[in-house]
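Residue 807 in this note's numbering sits at position 595 of the sequence shown, with consecutive numbering throughout.
Rather than coming from a laboratory, the hints here were simulated on the basis of the structure. Only a predicted model underlies this, so the values are computations on that prediction, with no experimental measurement involved. Treat each hint with caution, since some may be false.
Derived BS3-like pairs: lysine-lysine, alpha-carbon spacing no greater than 30 Å straight-line [stated by the list, open to error]:
1) K463 <-> K369
2) K457 <-> K393
3) K669 <-> K297
4) K669 <-> K391
5) K414 <-> K391
6) K440 <-> K411
7) K222 <-> K669
8) K312 <-> K297
9) K445 <-> K391
What follows is a list of derived Cβ distance ranges for each label pair [claimed, not checked]:
10) E681 <-> E484: 48 to 58 Å
11) S469 <-> G491: 18 to 28 Å
12) G478 <-> H541: 46 to 56 Å
13) N242 <-> A720: 44 to 54 Å
14) A727 <-> A294: 21 to 31 Å
15) E382 <-> N584: 36 to 46 Å
C-beta atoms are modelled at their ideal positions from N, C-alpha and C, and glycine is treated no differently.
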Amino acid sequence: MNRSLLSPAKRAIIIGMDGASMELVNNMINWGHTPNMGELRDKGVYRPMIGVFPTLTPPGWTALSTGSWPGTHCVMDFNIRAVGKELDKTVWGINTGLCKSEYIWNLVERIGGKPILVKWEMSWPPTVKTGIQVEGTGPGVSNHHQVAGYHLFVAGKWAPRPIGGQRDPESLDPSALQKIKHIDSVAINAIDTSQWQGKLPKSNKPVLEVELTIHPLARGRENMNRGKTGIPKSYYGLIVASGEKGYDRIKVYSSRSSDDVVADLGVGDWSEWWLDSFGIDGGDVEGYVRMKLITLTPTADAFELFVPQIWPRADYTVPSDIATSIDKHIGSFLQNPARDALGQVDDDTYFELLDYHHQRLADVATYLATENDWDVLMVETHAPDYASHFFLSQADEISGASEETTHRCREGLRRTYASVDRMIGQIAELADDKTVILICADHGGTPNQFRAVDIEKVLEETGFIVRQENGEIDWTRTRALNVGLVHIFINLIGREPNGIVAAEDYEATQREIIAALHAYRDPETGRHPFSLAVTQEDAEMLNLHGDLVGDVVYALRPEFDGAHGKQLPSVSFGIGGQHSTFILSGAGVRQGVTLERQVRVVDVAPTLCYLLGLPMPANVEGGVVYEALEDPNWHLSRLAELE
Numbered sequence: 213m214n215r216s217l218l219s220p221a222k223r224a225i226i227i228g229m230d231g232a233s234m235e236l237v238n239n240m241i242n243w244g245h246t247p248n249m250g251e252l253r254d255k256g257v258y259r260p261m262i263g264v265f266p267t268l269t270p271p272g273w274t275a276l277s278t279g280s281w282p283g284t285h286c287v288m289d290f291n292i293r294a295v296g297k298e299l300d301k302t303v304w305g306i307n308t309g310l311c312k313s314e315y316i317w318n319l320v321e322r323i324g325g326k327p328i329l330v331k332w333e334m335s336w337p338p339t340v341k342t343g344i345q346v347e348g349t350g351p352g353v354s355n356h357h358q359v360a361g362y363h364l365f366v367a368g369k370w371a372p373r374p375i376g377g378q379r380d381p382e383s384l385d386p387s388a389l390q391k392i393k394h395i396d397s398v399a400i401n402a403i404d405t406s407q408w409q410g411k412l413p414k415s416n417k418p419v420l421e422v423e424l425t426i427h428p429l430a431r432g433r434e435n436m437n438r439g440k441t442g443i444p445k446s447y448y449g450l451i452v453a454s455g456e457k458g459y460d461r462i463k464v465y466s467s468r469s470s471d472d473v474v475a476d477l478g479v480g481d482w483s484e485w486w487l488d489s490f491g492i493d494g495g496d497v498e499g500y501v502r503m504k505l506i507t508l509t510p511t512a513d514a515f516e517l518f519v520p521q522i523w524p525r526a527d528y529t530v531p532s533d534i535a536t537s538i539d540k541h542i543g544s545f546l547q548n549p550a551r552d553a554l555g556q557v558d559d560d561t562y563f564e565l566l567d568y569h570h571q572r573l574a575d576v577a578t579y580l581a582t583e584n585d586w587d588v589l590m591v592e593t594h595a596p597d598y599a600s601h602f603f604l605s606q607a608d609e610i611s612g613a614s615e616e617t618t619h620r621c622r623e624g625l626r627r628t629y630a631s632v633d634r635m636i637g638q639i640a641e642l643a644d645d646k647t648v649i650l651i652c653a654d655h656g657g658t659p660n661q662f663r664a665v666d667i668e669k670v671l672e673e674t675g676f677i678v679r680q681e682n683g684e685i686d687w688t689r690t691r692a693l694n695v696g697l698v699h700i701f702i703n704l705i706g707r708e709p710n711g712i713v714a715a716e717d718y719e720a721t722q723r724e725i726i727a728a729l730h731a732y733r734d735p736e737t738g739r740h741p742f743s744l745a746v747t748q749e750d751a752e753m754l755n756l757h758g759d760l761v762g763d764v765v766y767a768l769r770p771e772f773d774g775a776h777g778k779q780l781p782s783v784s785f786g787i788g789g790q791h792s793t794f795i796l797s798g799a800g801v802r803q804g805v806t807l808e809r810q811v812r813v814v815d816v817a818p819t820l821c822y823l824l825g826l827p828m829p830a831n832v833e834g835g836v837v838y839e840a841l842e843d844p845n846w847h848l849s850r851l852a853e854l855e
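Start from the sequences, fold in the hints, and give me the full structure.
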């Protein structure tokens, strides 16, 4: 690679944890749940890091990967204003094509190096040219590759397993779809032996049959699905009593033939993965299938069988033959560990998949780094954010949850971070004494206290949004609308297709909106939930500028928000916070130091570039975290040595 041969570090390993606040990571280390992170922290430097606003995945990871703020890189949100269209029309933000800045992996390629990306968030469609990339789309169901989302087949007595409390909306948490049917109801019937070929399994009670139909493209985000139409594919389960205590096993077949068995399960058992073919848009796609029998009562009056995400065998890597190598040497990949099934399946099933998911990420990263030359290895897990949206919400006493719920939530956090930590431990073994290791996050997460404020309802109550009788927006009377998480746009004449606010009234309308937000009281608590409301011009102090920024930008206090998003990036609250994780260790880094001066998410890329002797990415706005370095002036020291 065309860089300084005298730099303190020759390689970098970057491990990203979506939604992992430095506050919660420190707690997990101090509570003894994450020894590998603890060792890296104690042998290196760390600091609660100031992230982007809004505290959200697309702008956060893009800022970290480019060293530029959202106003510059332009990946502002999951839902970004569509300039020139009606204000309720948005552009989907999981798209590297929107980014106006240079990614660090493209910088490495530009000077002749080789990056390896393993599920690095916000890196799809791929921009790598000479490097290696495995997946990298978005959280959970937000991906372009899965054959099908999870299937939870239930019959008889069944109930979901929610945490309770308010759920974060899909605009904030697109890793789980909310307006869908979350289970697949099936019927258990007496077997019709005339439809079967071959010898049936032995049973001490009459054999029962259940049809299990997989729907390709099910439970995927519609705007990111790999196709439009999937052909349903059925498997056939025979429920038997292998002993004297009633029904206790299921054998699953790919057809009604005893020769085509694919799984033989007792309660609590997982099958192995098997490769099958599914019809999508007139073609066949190979994907890996696995099943777990979660529940089967002796009388078969309660039945629950789970099928996690079906991931393809190919077409999710760059170059494409990397998927073939993974398939041959590692096995099936898994992008989503059933985050969207949390609250439907039992927690143990989720964590069994999460451990598998993290083991696959570690194994794939280890294999690719061992078999290929590389300069930068980047691996990301979304699990801490999954835990933030589900478990963290009521893991703190401030939530008012019952002791039982709080214990369950604390256990969920512990198991999540312990699973992440095991992955980190394996990947960190790839480092030598010339490798720098970074553990980082895009934003944090906080527990819930009060019901989250719905900005759309606030704007309706204060008269800025007016609706017709059918619920549609009345553009003839609507003066402003919320877009994305923290932006409010004025319905301005000449700028918006249905504008009604005259240019001479623009500033007065800004002041009116800001005054309304500051004056607003939450009806349940009587408190003022808005911590900030500023004009577009003043939003520059939040590193937001340009046409995609609202005419008014606002922030909520953490007790009136969900896990993250509308809170300022400097918030600490309960056992969590919005400070991003920053742990730097290894070549060229000081040891055992808690940094005192501010670290910002845009400082990550330039600091790594400085340690590696690389040029800075185009449009970089961050600076080098000199306080973290053994020799902040290493380039001058090396020159002096040469002289």
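Here's how the hints hold up against the structure:
1. K463 <-> K369: holds (21 Å)
2. K457 <-> K393: violated (34 Å)
3. K669 <-> K297: holds (22 Å)
4. K669 <-> K391: Holds, at roughly 20 Å.
5. K414 <-> K391: violated (42 Å)
6. K440 <-> K411: violated (39 Å)
7. K222 <-> K669: Roughly 53 Å separates the two Cα atoms, so the pair is violated.
8. K312 <-> K297: Given pair K312, K297 holds - Cα atoms ~21 Å apart, limit 30 Å.
9. K445 <-> K391: Holds: K445 and K391 sit about 24 Å apart, inside 30 Å.
10. E681 <-> E484: 48 to 58 Å: holds (57 Å)
11. S469 <-> G491: 18 to 28 Å: At roughly 20 Å between Cβ atoms, G491 and S469 fall inside 18 to 28 Å, so the hint holds.
12. G478 <-> H541: 46 to 56 Å: Since G478 and H541 have Cβ atoms about 31 Å apart, the given range 46 to 56 Å is violated.
13. N242 <-> A720: 44 to 54 Å: Holds: the Cβ-Cβ distance is about 51 Å, inside 44 to 54 Å.
14. A727 <-> A294: 21 to 31 Å: With Cβ atoms ~28 Å apart, the hint holds.
15. E382 <-> N584: 36 to 46 Å: holds (37 Å)
The earlier numbered hints that this structure contradicts are 2, 5, 6, 7 and 12.
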